[in-house]
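Mind docking chain B on chain A? Use the hints.
First to last, the protein sequences are chains A and B. Under numbering that gives the first Met the number 0, the first residue of the first sequence is numbered 0, with each subsequent residue one higher. Under numbering that gives the first Met the number 0, the first residue of the second sequence is numbered 0, with each subsequent residue one higher.
Quick caveat, the hints were computed from the structure, so don't treat them as lab data. Just so you know, not all the hints are guaranteed correct.
Computed spacing ranges between beta-carbons, pair by pair [claimed, not checked]:
1. B:Asp192 with A:Lys74: 28 to 36 Å
2. B:Asn191 with A:Thr77: 31 to 39 Å
3. B:Glu31 with A:Phe98: 51 to 59 Å
4. A:Lys8 with B:Asn217: 55 to 63 Å
5. A:Phe98 with B:Pro158: 20 to 28 Å
Owing to the predicted nature of the structure, the values given are computational and were not obtained by experimental measurement. Virtual Cβ for every residue (Gly too), placed ideally from N, Cα, C.
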Amino acid sequence: MKVAEVVEKLGLEVYSGSNGLDREIRGGYTSDLLSDVMGHADSGDVWVTLQTHKNVIAIASLKELSAIVLVKNYKPETDTIAQSNEEGIPILGTSKETFEITGLLYKLING
Amino acid sequence: MNYYQADMHIHTVLSPCGDLSMSPINIVDCAERIGLKVIGITDHNSTLHGPVTRKLAEKRGIMVVFGAEVTTKEEVHCLCLFPEENQRVQFQNFLENNLSEIKNDPDLFGHQVVVDENEEILDEIEPLLISALKVSIDEVEQKVHQIGGLFIPAHIDRPKYSLTSQLGFIPKDLKYDALEISRSTSIEKALNDYSYIKKLRFIKSSDAHNIDQIGTANTQLKMESVCWNEVRMAILGIEGREVIVS
Chain A
0 MKVAEVVEKL
10 GLEVYSGSNG
20 LDREIRGGYT
30 SDLLSDVMGH
40 ADSGDVWVTL
50 QTHKNVIAIA
60 SLKELSAIVL
70 VKNYKPETDT
80 IAQSNEEGIP
90 ILGTSKETFE
100 ITGLLYKLIN
110 G
Chain B
0 MNYYQADMHI
10 HTVLSPCGDL
20 SMSPINIVDC
30 AERIGLKVIG
40 ITDHNSTLHG
50 PVTRKLAEKR
60 GIMVVFGAEV
70 TTKEEVHCLC
80 LFPEENQRVQ
90 FQNFLENNLS
100 EIKNDPDLFG
110 HQVVVDENEE
120 ILDEIEPLLI
130 SALKVSIDEV
140 EQKVHQIGGL
150 FIPAHIDRPK
160 YSLTSQLGFI
170 PKDLKYDALE
180 ISRSTSIEKA
190 LNDYSYIKKL
200 RFIKSSDAHN
210 IDQIGTANTQ
220 LKMESVCWNE
230 VRMAILGIEG
240 REVIVS
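If we strip away everything but chain A, and leave its shape as in the complex, we get (with noise of 0.2 Å):
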């Protein structure tokens, strides 16, 4: 499934990245600890997390994330959303919290 996609069906917002909404989402991760992520995630997931400092993104492109989803509208950071650009990695948002977020992307994806 499309980032594009999801974005459409769960209302999200894109912050940044927009060049990368036709990346391919694989299944999800779910985490606030980056050493977690970095240690855990798999290539294709969707992030799902309420950090917003640019290591996210240098995060997410070591792991070859499709995308970040930022939940309950906590938004990133000026150089975060430069780097989220440069790297064409979107940075998603929703007012929804972190369980939330997960159980809709987990059906959709997985559905």
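Quick look at chain B alone, frame taken from chain A:
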């Protein structure tokens, strides 16, 4: 140059996790007993025990550096150190303006008390000091440097509340003055683990929460004399001054 024993990261009874024995007078007594010449008083998100500890320590020829161990929005612990009272007050205001609204539950987390030099309780702090501030690590760094302090990410080797656990790796443009490693690791391991970073400058501190832990990181400052400017140069590793981590 001379060598002075130092421990830049000590909690007091004000930190909810700080042992009840960690009163300013007990810390100073211990520092004197084990020969520390410079100590940092760094409670979680508070600088309030700095002045009373300095007053007690001055009489024993021990320098107290004001500071706090800040929890940033990302839940990264960072030591923030300051020389003078006016800087401490500026930073204390910044902390109080950015604390979360979560209240401490002493049964769960421990008491957060401010005491005087005779261990009389003056105040009990209501907001939970171990929760995260509302500001990012970059905002904390900028504030510390704007005031004229030193910014040192704490215990970066630890798997909890550290720069590396929370943010995965050391951001290459983070403007830290040094990096702190915990007493349970070695400088050799740190140099190897973080070799991807250009600016490798370490301090090692005890992060003492009880009396027995004070000074256990066994760190020395190589400098001319004991004053803030010398301590600052040692931490920055400039003009022949340095932090000797064993």
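Going through the hints against the structure:
no., hint, in the structure
1, B:Asp192 with A:Lys74: 28 to 36 Å, "holds, 32 Å"
2, B:Asn191 with A:Thr77: 31 to 39 Å, "holds, 34 Å"
3, B:Glu31 with A:Phe98: 51 to 59 Å, "holds, 52 Å"
4, A:Lys8 with B:Asn217: 55 to 63 Å, "holds, 58 Å"
5, A:Phe98 with B:Pro158: 20 to 28 Å, "holds, 24 Å"
The structure shown violates none of the earlier numbered hints.
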